[in-house]
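Protein chains: 2
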Amino acid sequence: MDRLADEVVEERMGQLAEWTLSGDSIQRTLSFADFKAAMAFVNSLADMAEAANHHPDILIRWNKVTLTLSTHDAGGLTSRDFDLAGKIEQASTG
Amino acid sequence: MDRLADEVVEERMGQLAEWTLSGDSIQRTLSFADFKAAMAFVNSLADMAEAANHHPDILIRWNKVTLTLSTHDAGGLTSRDFDLAGKIEQASTG
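These protein sequence lines are chains A and B, in that order.
The first sequence runs 16 to 109 under our numbering.
The second sequence runs 16 to 109 under our numbering.
Hints may contain errors.
One copy or two, it doesn't matter: identical chains are merged, so the pair holds either way.
In silico lysine to any residue, SDA-like type, Cα no more than 20 Å apart, as pairs [unchecked claim]:
no.	residue 1	residue 2
1	K79	T93
2	K51	H69
3	K51	G38
4	K102	A66
5	K102	W77
6	K51	M63
7	K79	Q30
8	K51	A67
Keep in mind the hints are simulated off the structure, nothing from the lab.
Work out the full structure, taking the sequences as your base and the hints as a guide.
Okay, here's the thing in structure tokens:
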């Protein structure tokens, strides 16, 4: 799995309006009605991560969930990160 | 709920060997066999947090879970933080 060139990262970021590029990772914070709703999302995300065998860092602060994706083995962003971010978008917009 | 005096914080920290004091919060990182085991712990923790109506910040990095406890309303550490930390200790040591 190769690290993506900067221009490819830029292009793929264009398809992820809710995500921001932060160094060698991409990040998104989602807000929910409360902690229970945030946890329900985290559990559905956990299933997606296991299926993809790729796991974002997940920070839960009551009703807010911040996801950080990077491919540590590749030392940066790969298509695995953008593929999983795309799946998360589909799931979180219904 | 009043913020605890520094000497009380110090005394209660003495009962939480695995936790460290970090500014106005207390923190512990737990390690598990894998992501699945980490998520199982987070779900049992979520139930404890809901029961206590007090929610740590929870950071999941594959098999590692970092918990940060503080009472934001009180601007620092209160007995709610130490009570929940104590319950987490009991649960995580079986």
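* **Broken hints, by number** => Numbers 1, 3 and 7 - these are the hints that the structure violates, sorted from lowest upward.
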